[in-house]
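Whenever a hint applies, use it, and build me the whole structure from the sequences.
Read top to bottom, the protein sequences are chains U and H. Anchor point for the first sequence: position 24 equals 24 in my numbering, and the numbering is continuous, going up by one each time. Anchor point for the second sequence: position 371 equals 441 in my numbering, and the numbering is continuous, going up by one each time.
Simulated from the structure, these hints should not be mistaken for lab results. Don't be surprised by glycine CBs; every beta carbon is placed ideally from N, CA and C. Careful, some of the hints might be misleading.
If you anchor each label on the Cβ, the simulated ranges turn out as follows [claimed, not checked]: (1) Ala-18(U) x Thr-556(H): 32 to 42 Å; (2) Ile-15(U) x Ala-303(H): 23 to 33 Å; (3) Ile-15(U) x Arg-553(H): 12 to 22 Å; (4) Val-57(U) x Gly-162(H): 37 to 47 Å; (5) Gly-388(H) x Ala-18(U): 50 to 60 Å; (6) Ala-30(U) x Met-284(H): 54 to 64 Å; (7) Phe-58(U) x Leu-521(H): 54 to 64 Å; (8) Trp-43(U) x Val-514(H): 43 to 53 Å; (9) Ala-30(U) x Arg-396(H): 25 to 35 Å; (10) Phe-58(U) x Ala-564(H): 23 to 33 Å; (11) Trp-43(U) x Arg-396(H): 50 to 60 Å.
Anything over 12 Å on all C-beta distances counts as not near chain H; from chain U, calculated [to be verified]: (12) Arg-6; (13) Ala-21; (14) Trp-44; (15) Val-57; (16) Tyr-63; (17) Arg-64; (18) Arg-65; (19) Thr-66.
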Amino acid sequence: MGIDVRFPIGGMFSIIGAILAVYGFVSNPAMYEKSLGINVNLWWGLVLLLFGAGMLVFAYRAYRRTEPRR
Amino acid sequence: MAASGAKYGIMTSHFYWVGAMPAMVFVGLFMMPFYYGSRARSVPEYLKLRFDEKTRALNAITFAIMTIFSSGISMYALAKLFELVLGWSFHGSIVLSALIVLTYIFLGGLTSAIYNEVLQFFLIVLGFLPLVLLGLKDVGGWSGLTAKLATVATNAGFEPGAWSHSWKYMDSPSHNPMGMEWFGLVMGLGFALSFGYWCTDFLVVQRAMAAGSMTAARRTPLYAAIPKMLMPALVILPGMLAIGLHASRGGFLPIGTDGQPNYNLAIPMMLGHYLPSGLLGLGLTALMASFMSGMAGNVTAFNSVWTYDIYQTHIRPGQTDAHYLRVGHAATVFGILASVLAAYSATRFNNILDMLQLVFSFVNGPLFATFLLGMFWRRTTSHGAFYGLLTGTITAALHYGLTLPRGSVPGIKGGFLGAVLHVYPSEMALNFWTALFAWTGCFVATLLISLFTKRTKTDDELRGLVHSLTPRIQEGHMPWYKRPVTLAIGILVASTILNLIFW
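Take a look at the structure:
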């Protein structure tokens, strides 16, 4: 099997999370009325960013561990 | 699934907790040794090794039809989504979704399909979770939701808890929205349909065959069962929230031509209602990912069954690999075109899961009886298996043709044989009983015919294919917590607890 599946997952969710969080930071608060007044873009973006970064860290650590044996 | 959550309430979770989880445990513990050990590449190929070519051909044909319907149903859902979001016509949306899936299949192979599936899983979880959390917060948590669902239930003429209890109202078909009593549900869904689906499902079996060792192959369905435990929270709860809001705020779901709410739109409507632009994109992507993986998986399965089990075996054997590759590509295109037709027939159902299970009841119900007898009874003969399978499918057709779900006209929903002998309270009840009748028909016919025909395979030929002729797997050297059995028991305990919590 090629690359560790955690790399694409981590990368994708880090990017999506960062975009969402930035968008949530700069967007007009009035549009969050439908989501019960919570800035979901900002908060969920941060959750996704954390998740993605965590995946990347674990994938990188596993990669470092197996590397010398190759 | 969300559509069923709206239409039938929390009873939909039985598809996971009574259906999928025990069935996957069974596959991992008992069936995987034969699949993995026999080196068969597909379910029809196992049938050829165990029985003969004609059983394989029959199964390959019914299986091909099933994959077309399954992918057509996903295509319908995807097209509906495009229609809703982009405002395109339904016809244009169908063409678009067909093109997307075609590109997607031509570009990737099995490895990329597995990678994609993992990505899609996380996308679905992380895309739907905020929706569920917001929806629950809005209705006032679980207790607020139960209160709203009580209105739904009393409006429909049931006890107040009929939408929020999974077992309590199953004493009689007239007490719950699915119109089932516990016997029909456990035997029809839990036994015939789910075991039939998970034990013989191409996608499940093929994933496991790609595993590196017997233990890894047996663990695959067991690990896959763990997320199944929590899926109801993501895919059924939004539907229940949607119907609760529909009842209390009015007109949340659009009304279809038959006067019923269109349950299929539960998730899209929820997404549009709660998510602001930004997160809405993620939610829609998650939804599209789930439909596309369903479609692509089925078209790929159709392609390989047609190429290996029908074309290579019966039509043009002994050609070059390049020839079969071209045939495979042509089969992909054909499969997508046929899916388009199936997608149009799905417009007749207000809940696509009803239609999907109808197709499964024809194919998987009888097939599971064949497998059970074939794997555990060495006396089962090839003629018994073939005619038994045929009898099972015909039984399903007869049952479907002579019964109707309540409030439907004879035609695509059943009753087309003229006389209507029984009217079921819901489409799903009809499906469960069709599966159970088909299973019984196949089981009895296979048993009787096997007793009256000569055996076609000797014990030697059946080694590794039948339970009593396969050496036991030694797992004593593994620590207890690594053995598949431990994992299996853990999963069954967890599913029992879930059933009790939402009793």
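If you test the structure against every hint from before, which numbers come out violated?
3, 8, 9, 12, 13 and 14
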